[in-house]
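Sequence order for the protein chains is A and B. Sequential numbering of the first sequence, starting at 13, is according to this note's numbering. Sequential numbering of the second sequence, starting at 3, is according to this note's numbering.
A hint or two may mislead.
[Claimed, not checked] In silico EDC-like pairs for lysine to aspartate or glutamate, Cα to Cα no more than 20 Å straight-line:
1) A:Lys-82 x A:Glu-71
2) A:Lys-15 x B:Glu-46
3) A:Lys-15 x A:Asp-108
4) B:Lys-59 x B:Glu-70
5) B:Lys-59 x A:Glu-27
6) B:Lys-13 x A:Glu-56
7) A:Lys-82 x A:Asp-67
8) B:Lys-17 x B:Asp-65
9) A:Lys-28 x A:Asp-108
[Claimed, not checked] Some chain B residues flagged as far from chain A (calculated, every beta-carbon gap over 10 Å):
10) Ala-4
11) Glu-16
12) Lys-17
13) Lys-19
14) Glu-22
15) Ile-28
16) Gly-30
17) Ser-68
18) Glu-70
19) Arg-83
20) Val-91
21) Thr-108
22) Val-119
[Claimed, not checked] Here's a subset of chain B near chain A, in silico, CB distances under 10 Å, partners left out:
23) Arg-24
24) Ala-33
25) Gln-39
26) Gly-44
27) Leu-45
28) Glu-46
29) Phe-47
30) Gln-52
31) Asp-58
32) Ser-97
33) Gln-109
34) Tyr-110
35) Phe-111
36) Pro-113
37) Gly-114
These are calculated hints, taken from the structure and not from any lab test. For each residue, glycine too, the CB sits at the ideal point set by N, CA and C.
Listed below, chain by chain, are the residues.
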Amino acid sequence: AQKVTQAQTEISVVEKEDVTLDCVYETRDTTYYLFWYKQPPSGELVFLIRRNSFDEQNEISGRYSWNFQKSTSSFNFTITASQVVDSAVYFCAPMDTGRRALTFGSGTRLQVQP
Amino acid sequence: GAGVSQSPSNKVTEKGKDVELRCDPISGHTALYWYRQSLGQGLEFLIYFQGNSAPDKSGLPSDRFSAERTGGSVSTLTIQRTQQEDSAVYLCASSSTPPGGLTWETQYFGPGTRLLVL
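Could you put the whole structure together from the sequences, leaning on the hints where they help?
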């Protein structure tokens, strides 16, 4: 079984600020996968990034970057130079390699003010 | 190409009635998932289909819930004798996960069906 904690319920920033969304997970799997999804006001879940547990190299993709630390079970997600269109609820979700189901956190609502 | 589609987009029903929700996965995707998003429970897994294998039903909340997938493509989620606590957004996702593989293909979600049980 897996568990995800997104301690930040809501974050409000001003456009162009950088913002980091925190995620801490618990898993008994030795190999697992981690995802971030975004849910804008329209309601559809949009895939953002993914990472596997055996590769701790952190990467940057455009304005998105992530910091995966297996030792602390954290998978934080950063948006650089935030934009109003980034306003959404962001979900961290590890995947159970056995049944391939995503376990979603409670989400962090990001409000980017102009 | 076309994404995951779901129908209806909204459904209002009376307590005790049966409802059917439909999901059309992305063409060629072998895996299909149903999730539910409600205010009280957040986003939770319901059921997973992989090709022609027996589905993983471990997330279904009660025996009033069932799902089938015909021809390895379209899926229908059926809720019998609906209760008010079934009110939620039902989300379908698909991925190209090959059977038995240890890959981690991304799940792509549809727009959801918003179910309201009166």
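Tested hints:
Under the criterion of a C-alpha separation no larger than 20 Å, the hint pairing Lys-82 of chain A with Glu-71 of chain A is consistent with the structure, at around 15 Å. The suggested pairing of Lys-15 of chain A with Glu-46 of chain B holds, with an alpha-carbon distance near 12 Å, which does not exceed 20 Å. For the suggested pair Lys-15 of chain A and Asp-108 of chain A, the alpha carbons sit about 11 Å apart, so the restraint of at most 20 Å is met. A C-alpha spacing of about 11 Å is found between Lys-59 of chain B and Glu-70 of chain B, which places the hinted pair at or below 20 Å, so the restraint holds.
Annotation: proposed proximity of Lys-59 of chain B to Glu-27 of chain A is violated, straight-line Cα distance about 43 Å (limit 20 Å). Distance check on the hinted pair: Lys-13 of chain B and Glu-56 of chain A sit about 17 Å apart at the alpha-carbon level, within 20 Å; holds. In summary, the hint linking Lys-82 of chain A to Asp-67 of chain A is supported, as the alpha carbons are separated by about 9 Å, within the 20 Å threshold. At most 20 Å may separate the alpha-carbon atoms for a hinted pair to count; Lys-17 of chain B and Asp-65 of chain B meet this at roughly 16 Å.
Between Lys-28 of chain A and Asp-108 of chain A the alpha-carbon distance is near 35 Å, which puts this suggested pair outside the 20 Å criterion. Chain A leaves Ala-4 of chain B outside its interface by the beta-carbon criterion, the shortest separation being 14 Å against a cut-off of 10 Å. The claim that Glu-16 of chain B lies off the interface holds: its Cβ sits roughly 24 Å from the closest Cβ of chain A, which is beyond the 10 Å cut-off. Distance to chain A confirms Lys-17 of chain B as a non-interface residue, since its nearest Cβ pair spans about 24 Å, more than 10 Å.
No beta-carbon of chain A is positioned within 10 Å of the beta-carbon of Lys-19 of chain B; the least distance is around 24 Å. Listed as outside the interface, Glu-22 of chain B is consistent with that label: its C-beta sits roughly 21 Å from the nearest C-beta of chain A, beyond the 10 Å cut-off. The Cβ of Ile-28 of chain B lies farther than 10 Å from every Cβ of chain A, with a closest approach of about 12 Å, so its non-interface assignment holds. Interface exclusion of Gly-30 of chain B from chain A stands, the closest Cβ pair being 17 Å apart, more than 10 Å.
The Cβ of Ser-68 of chain B sits about 18 Å from the closest Cβ of chain A, beyond the 10 Å cut-off, so the non-interface label holds. With a least beta-carbon separation of about 18 Å from chain A, Glu-70 of chain B lies farther than 10 Å from that chain, consistent with its non-interface assignment. Every CB of chain A lies more than 10 Å from the CB of Arg-83 of chain B, the least distance being 25 Å, so the non-interface label holds. Some Cβ of chain A comes within 10 Å of the Cβ of Val-91 of chain B; the nearest lies about 7 Å off, and the non-interface call is violated.
Non-interface status of Thr-108 of chain B relative to chain A is broken: a Cβ of that chain comes within 10 Å, the nearest being about 5 Å off. With a least CB separation of 19 Å from chain A, Val-119 of chain B remains clear of the 10 Å interface cut-off, as annotated. Because the smallest distance between the Cβ of Arg-24 of chain B and any Cβ of chain A comes to about 17 Å, over 10 Å, the interface hint for this residue is violated. Because the beta carbon of Ala-33 of chain B sits about 7 Å from the nearest beta carbon in chain A, less than 10 Å, this interface hint is met.
A cut of 10 Å between beta carbons decides the hint on Gln-39 of chain B: the least distance to chain A is about 9 Å, and the hint holds. Interface restraint check for Gly-44 of chain B: the shortest CB-CB distance to chain A comes to about 6 Å, inside 10 Å, so the restraint holds. Checking Leu-45 of chain B against chain A: minimum C-beta separation of about 4 Å stays under 10 Å; hint holds. Taken as an interface hint, Glu-46 of chain B checks out: its beta carbon lies about 7 Å from the nearest beta carbon of chain A, inside 10 Å.
Because the smallest distance between the Cβ of Phe-47 of chain B and any Cβ of chain A comes to about 4 Å, under 10 Å, the interface hint for this residue holds. The restraint placing Gln-52 of chain B at the interface with chain A holds, with a minimum CB-CB distance near 8 Å, inside the 10 Å limit. A cut of 10 Å between beta carbons decides the hint on Asp-58 of chain B: the least distance to chain A is about 5 Å, and the hint holds. At about 8 Å, the closest approach between the beta carbon of Ser-97 of chain B and any beta carbon in chain A falls short of 10 Å, and the interface hint on this residue holds.
Residue-level restraint check for Gln-109 of chain B holds (minimum Cβ-Cβ distance to chain A is 6 Å; threshold 10 Å). Satisfaction of the interface hint for Tyr-110 of chain B is found here, the shortest Cβ-Cβ separation to chain A being roughly 6 Å, below the 10 Å cut-off. At about 4 Å, the closest approach between the beta carbon of Phe-111 of chain B and any beta carbon in chain A falls short of 10 Å, and the interface hint on this residue holds. Interface hint at Pro-113 of chain B: satisfied, since its Cβ lies 5 Å from the closest Cβ of chain A, which is below the 10 Å cut-off.
Given hint, Gly-114 of chain B at the interface with chain A, holds; its Cβ is 6 Å from that chain's nearest Cβ, closer than 10 Å.
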